[in-house]
Amino acid sequence: MVMLAPEQQLEKLVYERPSSLEMCHTHYCPGCTHGVAHRLIAEVIDELGIQERTILVAPVGCAVFAYNYFNVDAAEAAHGRAPAMATGIKRVNPNSIVFTYQGDGDLASIGLAEAVHAASRGEQLTVIFINNAIYGMTGGQMAPTSLSGQITTSSPNGREVLSTGQPMHVAEMMAGLPGVVYSVRRSLHDARHVIQAKQAIKTAFEAQMQGLGFSIVELLSSCPTNWGLNPLDAVHWVRDQMIPVFPLGDYKVADALQSKRARS
Amino acid sequence: MAKELLKGNVAIAEAAVRAGCEAYFGYPITPQTELLEHMSKRMPELGRVFLQAESEVAAVNMVYGAASAGVRVMTSSSSPGISLMQEGFSYIAGSEVPAVVVDVMRGGPGLGNIQPSQSDYNQVVKQAGHGDFHPIVLAPATVQEAIDLMTLSFDLAEKYRTLVFLVLDGAIGQLMEPAELPPMREMTGLRPSWALTGQDKRRQNGRLPDKNIITSIHMSAEELHIFNVHLQNKLAAIEASEVRYEENFIEDAEIIVVAFGTAGRVASTAVKNLRKANVPVGFFRPITLWPFPEQRLAQLADRAKAFLVVEMNAGQMFHDVREAVGRSVPVEFLGRMGGLMPFTDEIEQEIRTVWRRSEVLALHRQQ
Chain A
1 MVMLAPEQQL
11 EKLVYERPSS
21 LEMCHTHYCP
31 GCTHGVAHRL
41 IAEVIDELGI
51 QERTILVAPV
61 GCAVFAYNYF
71 NVDAAEAAHG
81 RAPAMATGIK
91 RVNPNSIVFT
101 YQGDGDLASI
111 GLAEAVHAAS
121 RGEQLTVIFI
131 NNAIYGMTGG
141 QMAPTSLSGQ
151 ITTSSPNGRE
161 VLSTGQPMHV
171 AEMMAGLPGV
181 VYSVRRSLHD
191 ARHVIQAKQA
201 IKTAFEAQMQ
211 GLGFSIVELL
221 SSCPTNWGLN
231 PLDAVHWVRD
241 QMIPVFPLGD
251 YKVADALQSK
261 RARS
Chain B
1001 MAKELLKGNV
1011 AIAEAAVRAG
1021 CEAYFGYPIT
1031 PQTELLEHMS
1041 KRMPELGRVF
1051 LQAESEVAAV
1061 NMVYGAASAG
1071 VRVMTSSSSP
1081 GISLMQEGFS
1091 YIAGSEVPAV
1101 VVDVMRGGPG
1111 LGNIQPSQSD
1121 YNQVVKQAGH
1131 GDFHPIVLAP
1141 ATVQEAIDLM
1151 TLSFDLAEKY
1161 RTLVFLVLDG
1171 AIGQLMEPAE
1181 LPPMREMTGL
1191 RPSWALTGQD
1201 KRRQNGRLPD
1211 KNIITSIHMS
1221 AEELHIFNVH
1231 LQNKLAAIEA
1241 SEVRYEENFI
1251 EDAEIIVVAF
1261 GTAGRVASTA
1271 VKNLRKANVP
1281 VGFFRPITLW
1291 PFPEQRLAQL
1301 ADRAKAFLVV
1311 EMNAGQMFHD
1321 VREAVGRSVP
1331 VEFLGRMGGL
1341 MPFTDEIEQE
1351 IRTVWRRSEV
1361 LALHRQQ
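So the sequence lines, in the order shown, correspond to chains A and B. Per this note's numbering: the first sequence = residues 1 to 264. Per this note's numbering: the second sequence = residues 1001 to 1367.
No wet-lab data here; the hints were simulated from the structure. All values reported here derive from a predicted model rather than from experimental measurement. For glycine and all other residues, C-beta sits at the position ideal for the given N, C-alpha and C. There may be inaccurate statements among the hints.
Unchecked claim - The calculated SDA-like cross-link candidates involving lysine to any residue, where the alpha carbons are at most 20 Å apart (straight line), are:
1) B/Lys1201 / A/Leu177
2) B/Lys1201 / A/Arg53
3) B/Lys1201 / A/Leu232
Claimed, not checked - Quick list of simulated restraints, FRET-style, between CB atoms:
4) B/Leu1111 / A/Asp240: 49 to 57 Å
5) B/Asp1155 / A/Ser163: 17 to 25 Å
6) A/Glu172 / B/Glu1186: 46 to 54 Å
7) B/Asp1200 / A/Asn230: 38 to 46 Å
8) A/Lys12 / B/Phe1227: 44 to 52 Å
9) B/Asp1155 / A/Glu160: 53 to 61 Å
10) A/Gln210 / B/Asp1200: 51 to 59 Å
Unchecked claim - A few chain B residues that don't get close to chain A, going by computed Cβ distances all over 12 Å:
11) Ala1069
12) Leu1208
13) Ser1216
14) Ile1287
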């Protein structure tokens, strides 16, 4: 038997479970991209070395049990109130890294005031905003982000914009607020976009670590169950139907973050 | 420390500061705004947290967040604002985090007016939010008592990991009286073991500690039942040891007047006046509206001929008094709404009426 020196070992670990992610099954439906988003956030927390000072504020909605899946201190907020609760936590723990994880019903509907005002104050928070254009947890009702003509259980004939309005563009809206230093939209529908999403999540956390202000990453996500599609068709629906309505891009990147990106 | 002339709202705010309140979140509403304003000046100059929220809904959820992080935290509001905060009260109760709320009550329902009232009694005592819980509810009658109960509020909130309400009507909030403030509490900066601080703050011997989770979810029916039983047991422990009240001229009283807050002050004067006229009337003032001093009232019902409840509402505490004393003794009610307060002579007249009626009743019973 030939003994190999450590540098000669044939096995090289290139992929493992992030320490910030719990070893457990999630309750998410097959093909749902919440799991991808969780993994990306956990990788970023590990890579930035902030697991022990990170505090999650979980939402009401499909990610209501997110606190079970991350190995960080966590609170469960009332529906839409995560940015207010996070404000309270961060203000008394200024050295911690606080992030909320919110869906479109949570952030863009019932909790819009809390999200906009936390952003407007420039709270040192990071918001991960999961936009799947539908209410998942309650069984597929219309969201503020539902597409024009989208059939949901509460818009059975398709979303009628004359009576229910146009899909709400959160990343663009947040970018208009002075307290926001980073507002971007990414998608989780394929590997290339997933990698771009991870980079955005990392930048958003770095913005908070540098004390620059409020950062938000909107992630276009799939909901195969409530869209009535199989997982593959669901990510294609994100690509073909959602991205034209919700263009991917950087809507605001503060100068301090831009210069950092130019250096790296 | 010497007594100084203090306005109720300001005195309460300063008492909270001295009791070690580390964070205040609130929203302006009359008649409690001076409390928020005092905090906006004092908290930052002491390096503590003050934030004017965008709404009462946000304010109470900021309180919920800071309470989850284990600091002494409070908010204050008035009736319509308290209605908005109910969501947060329920979550705070469901998560068992300590928090203090000051409610300077005004007239309702709806926008009502900004005059003094006691019409939030049922809301704070009976149903401060959805689910089976009670906050501890403390009701001062003077500025000095408001100061003392403010300190107690934080202690009780921490001791029981519960929500504590300090409730007063707008009159006490706006009143100026000589009062003495407590000394400044020394801040330790220590957080309880359950608090959200980040795991590094709890790290010992280099080991990553378990994460802390603050939540009110219990998805299985059995689990939620067990949590509710635990909560009820805690409430029973509070009922057993935290009842507070004031009583005067009770030993030989045939008529007992029950009132709290400002109505209690006025009623107390009426009782003193009638004692000078040899009317056998006694005075009873609940200081804790929850837990309610029902056992003491039940004892008094054994010898009193009648009770008179005086409130600045349509008769909300009246039902608690009625339940405590039972059906064998008459319980009568005098109330004023809309920001009106009962005058001393009105109460005196009512006490005489109730006394005469009880005498007639006793005569009938003898025949």
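Against the structure, the hints:
Between B/Lys1201 and A/Leu177 the CA atoms are separated by roughly 33 Å; this puts the pair beyond 20 Å, and the hint is violated. Pair hint B/Lys1201 plus A/Arg53 holds up; C-alpha atoms about 8 Å apart against a cutoff of 20 Å. Between the alpha carbons of B/Lys1201 and A/Leu232 the distance comes to roughly 44 Å, so the proposed pair goes past 20 Å and is violated. A C-beta distance of roughly 50 Å is found between B/Leu1111 and A/Asp240, which places it inside the suggested range of 49 to 57 Å.
Checked against the given bound of 17 to 25 Å, the beta carbons of B/Asp1155 and A/Ser163, roughly 54 Å apart, lie outside it. Between A/Glu172 and B/Glu1186 the beta carbon distance is about 50 Å. The supplied range of 46 to 54 Å therefore holds. Remark: the range hint 38 to 46 Å for B/Asp1200 to A/Asn230 is upheld by a beta-carbon distance near 43 Å. Distance hint check for A/Lys12 and B/Phe1227: the Cβ-Cβ separation is about 48 Å, which falls inside the suggested range of 44 to 52 Å.
Restraint check, B/Asp1155 to A/Glu160: a C-beta distance of roughly 56 Å satisfies the suggested window 53 to 61 Å. Under the hint 51 to 59 Å, the C-beta atoms of A/Gln210 and B/Asp1200, about 19 Å apart, miss the expected range. Not every CB of chain A is more than 12 Å from the CB of B/Ala1069 (nearest about 5 Å), against its label as outside the interface. At the 12 Å boundary, the C-beta of B/Leu1208 falls inside the reach of chain A, the nearest C-beta of that chain being 7 Å off.
For B/Ser1216, the non-interface assignment is contradicted: its Cβ lies about 7 Å from the closest Cβ of chain A, within the 12 Å cut-off. The claim that B/Ile1287 lies off the interface holds: its Cβ sits roughly 30 Å from the closest Cβ of chain A, which is beyond the 12 Å cut-off.
Hint violations for this structure: numbers 1, 3, 5, 10, 11, 12 and 13, all remaining hints satisfied.
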